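Peer 1: Next come the chains, spelled out residue by residue.
Protein chains: 2
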Amino acid sequence: MSAVPSHHDLAARIRAGDRATLARAITLIESKRADHRKSAHQLVQDLLPHTGKALRIGITGSPGVGKSTTIDALGSYLTSQDYKVAVLAVDPSSTRTGGSILGDKTRMAKLSADDNAFIRPSPSSGTLGGVASKTRETMLLCEAAGYDVILVETVGIGQSETAVASMTDFFLVLMLPGAGDELQGIKKGVVELADMIAVNKADGDNIKRATQAAAEYRAALHILKAHSATWAPPVITYSALTGQGVSDLWAQAQNYREKMSATGEFAEKRRAQQVTWMWAMLEDRLFAQLRADPKLKAKLPQLEKAVAAGTLSPMLAVEEVADAMGL
Amino acid sequence: MSAVPSHHDLAARIRAGDRATLARAITLIESKRADHRKSAHQLVQDLLPHTGKALRIGITGSPGVGKSTTIDALGSYLTSQDYKVAVLAVDPSSTRTGGSILGDKTRMAKLSADDNAFIRPSPSSGTLGGVASKTRETMLLCEAAGYDVILVETVGIGQSETAVASMTDFFLVLMLPGAGDELQGIKKGVVELADMIAVNKADGDNIKRATQAAAEYRAALHILKAHSATWAPPVITYSALTGQGVSDLWAQAQNYREKMSATGEFAEKRRAQQVTWMWAMLEDRLFAQLRADPKLKAKLPQLEKAVAAGTLSPMLAVEEVADAMGL
Chain A
1 MSAVPSHHDL AARIRAGDRA TLARAITLIE SKRADHRKSA HQLVQDLLPH
51 TGKALRIGIT GSPGVGKSTT IDALGSYLTS QDYKVAVLAV DPSSTRTGGS
101 ILGDKTRMAK LSADDNAFIR PSPSSGTLGG VASKTRETML LCEAAGYDVI
151 LVETVGIGQS ETAVASMTDF FLVLMLPGAG DELQGIKKGV VELADMIAVN
201 KADGDNIKRA TQAAAEYRAA LHILKAHSAT WAPPVITYSA LTGQGVSDLW
251 AQAQNYREKM SATGEFAEKR RAQQVTWMWA MLEDRLFAQL RADPKLKAKL
301 PQLEKAVAAG TLSPMLAVEE VADAMGL
Chain B
1 MSAVPSHHDL AARIRAGDRA TLARAITLIE SKRADHRKSA HQLVQDLLPH
51 TGKALRIGIT GSPGVGKSTT IDALGSYLTS QDYKVAVLAV DPSSTRTGGS
101 ILGDKTRMAK LSADDNAFIR PSPSSGTLGG VASKTRETML LCEAAGYDVI
151 LVETVGIGQS ETAVASMTDF FLVLMLPGAG DELQGIKKGV VELADMIAVN
201 KADGDNIKRA TQAAAEYRAA LHILKAHSAT WAPPVITYSA LTGQGVSDLW
251 AQAQNYREKM SATGEFAEKR RAQQVTWMWA MLEDRLFAQL RADPKLKAKL
301 PQLEKAVAAG TLSPMLAVEE VADAMGL
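So the sequences go chain by chain: A and B.
If you're matching positions, the first sequence starts at 1 in the working numbering and goes up one per residue.
If you're matching positions, the second sequence starts at 1 in the working numbering and goes up one per residue.
Please note that the accuracy of each hint is not assured.
Claimed, not checked - Below, in silico cross-link-like pairs of lysine-lysine (DSBU-like), each with a Cα-Cα straight-line distance of 30 Å or less:
1. B:K305 <-> A:K269
2. A:K305 <-> B:K32
3. B:K38 <-> A:K299
4. B:K38 <-> A:K297
5. A:K53 <-> B:K299
6. A:K38 <-> B:K295
7. A:K297 <-> B:K295
8. A:K84 <-> A:K53
9. B:K32 <-> A:K295
10. A:K53 <-> A:K269
11. A:K295 <-> B:K295
12. B:K305 <-> A:K53
13. B:K53 <-> A:K299
What the hints assert, rightly or not - Derived coverage of chain A by chain B (criterion: at least 3 residues anywhere in the stretch with Cβ under 8 Å from a Cβ of chain B; other residues may be distant):
14. 43 to 56
15. 214 to 221
16. 278 to 291
17. 308 to 316
18. 319 to 325
The hints are simulated quantities; they were obtained by calculation from the structure and are not laboratory data.
Quick caveat, the model's predicted, so the values are computed rather than measured.
Cβ atoms here follow ideal geometry from the backbone N, Cα and C, with glycine treated the same way.
The shape of chain A in the complex, shown without the other chains (with noise of 0.2 Å):
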C-alpha cells in the first residue's frame, strides 16, 4: 500500500460494508508509517460515533483446548442467527511463528468460508502492547463495519490474556476436561479475568471427566471474591466438536450483558477500560523516550547491574538517572 487513501473515502466504503476496504484500511492500521499512522488515527476517529454496539467478547485457553474449533463452532453458530461476526487475535509471538495464530482457513474452516463471518490475523510484529493497539483500532474498524460481535483470541503468551480482557466486555476461558496434572497449565491470574470458564470436549467418554473439572473450577471460583456483585462467573461445559453447549456460550455472555448494562456496570467497564488503554499508550510513549535517551542509554547498563548486583541502591541509581536527565 504505497498512497494514503483519504480516510473520508475508507470510512464510507467501511461504514458500507466494504470488506476489501476493511482488510485495507486494516493494513493501514497495521502499517509502521508515519503518515499511514496518522491517517488510520484518523479514520479511526472518524470512525468512532459508529463504533461500540458491538459485543466484544475475548477468548483465551491453553493450546490443545480447542480454541480454533471453539470459534469456528461459536462463530458459525452465530452466523447462523443473523449475527456478523469478526474474529481477530492477539499473539505477540505471531512474529516469531508468522503469524501461526490465525488466518490459515483450515483452523476456522466453516467460518473462513462464511461471508458473514470476517477473520483477520493478528499483526505479525510489534510488542504486545502495540499488538494490542491495532487490534483495539481493528475491533473498532469492525464495530463501524457492521459486525456484531467481535470474537478476541489470544494464545495465552505473556500479559495477553490481560490485554485481551482489557479490551473485551466479556472474556471466556476455555479448559480442557479431566482433572490433576492435567489442570496444571492455567497461567497464574488467568481464572482472576474470567467472566465464564467453559470446560471443552464435553463429549463421549469425556463427558464424566468434563462434569469433574468444571466442578474442580466452580470450587477455585468459589474461594475468589467477584468482580461485580451482579455477576459471578459460571462454568459449563459444551462440546465444539458436537456442537453441544456451544449456544450457552452466547447465552452467558448476552445474559452478562443484559445485567452489567441493567446496573451500568457494562457502561462503566468500558469506559474504564478506554482511559486505561490511553494511559497506557502515554507511558508506553512515554517511556520508549526514556529508554531512547542517550544520556541514559550510556548511565543505564551498568546502574541495572550494580542495582542487580544489590551494590547501587535502586533508590540512589533513580536519583543518577533523574539527574542525568534533568528530571
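With chain A held as given, fit chain B onto it using these hints.
Peer 2: Then chain B, alone, in the frame of chain A:
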C-alpha cells in the same frame, strides 16, 4: 528532626544495633525534606553491603484473620529461638487511619515488650509506591542493624499485597477456617502471590473446619501453575491462640529458602526485585513529571473526558498529548 546527622555516624550506630538511631534513621527515610531524602539515600547506600542476610517474609490476610496475633506469636517464637525480628508494614491507608495497622503496643503485646524485636509502624503518608519504597529502605536498615527476620505486614488494600510480595522472599497468605461464603473475602490475585497459605484458628471446635478450608485451598492452588518447579506452595493450619503450628510457619519459610537457594532462584528473585523496584521508581518519577507538566495539565481533563465518553479515540488523544509535550 531538624539538623541532618552525618549518614556515616548513623550507619556506624545502626550497625552497632542502636535502636534509637535505627528509629531516627527510619524517620529520616520517611521525611519529605529534600536534604533528609538525600542523606537517607546516602545512608542506605552506605549500609547496602551489610544488608541481605535476613529472611524477608511478607504476611497478608483479610481483616479478622488474626494478622497481629499471628505476628505476635511467630515473632515471639523466633526471638525465643534467638533470632532478632523486625516487623514493618505497608499500609497506604494509614494516612487516613493514622497508622492504625501497627505501632499500637496492644496489637502485639508480647513482641512489643521484646528487646529482640523491633516494630515500626507504616509511614503515615504517601502513595502506595512511596510507602512501599520507604518500607523497602527501612527493611535494609533493619538488616544492617542485625535483624535476622523481617516480617512485612500488609493490610491488603489496593495493590499492597503485590507491593509486599515484590519486596519479600516468602509471601505468606493467612486465611480463616470455614468454607463457602466465609472464604469469599480473598482478593483476586492474592492466592497467586502466595508461597504458602496458612489457615489460622485451627483450635477447639474450629480444627475440623480449618482442615476443610485447607483442603479447599489445596484444590485451588492445585489448578494453578506453580511459580517455580522447585516450590509448590503448601497449605497448613495453625493457631496463633494456642501456638500449635506456629513453628511450622517458620519451618516452611526456611525450607523455602533452602530449596530456592540450592537452585539459585532465591538470589535471582532478589536481583529481579531490585531491578524492578528501580524501574518502578523511575516510572513514578517520570509520570509525576508528566502529570505535573503545565501543557498536559491544561489538556488532560477534557481529553480524558472525551476518551471516556468514546468521542475521542485514545490513540488520537495520545497524539495530542505527545504533540503538546513535544515527545
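Peer 1: Failing hints, ascending?
Peer 2: none
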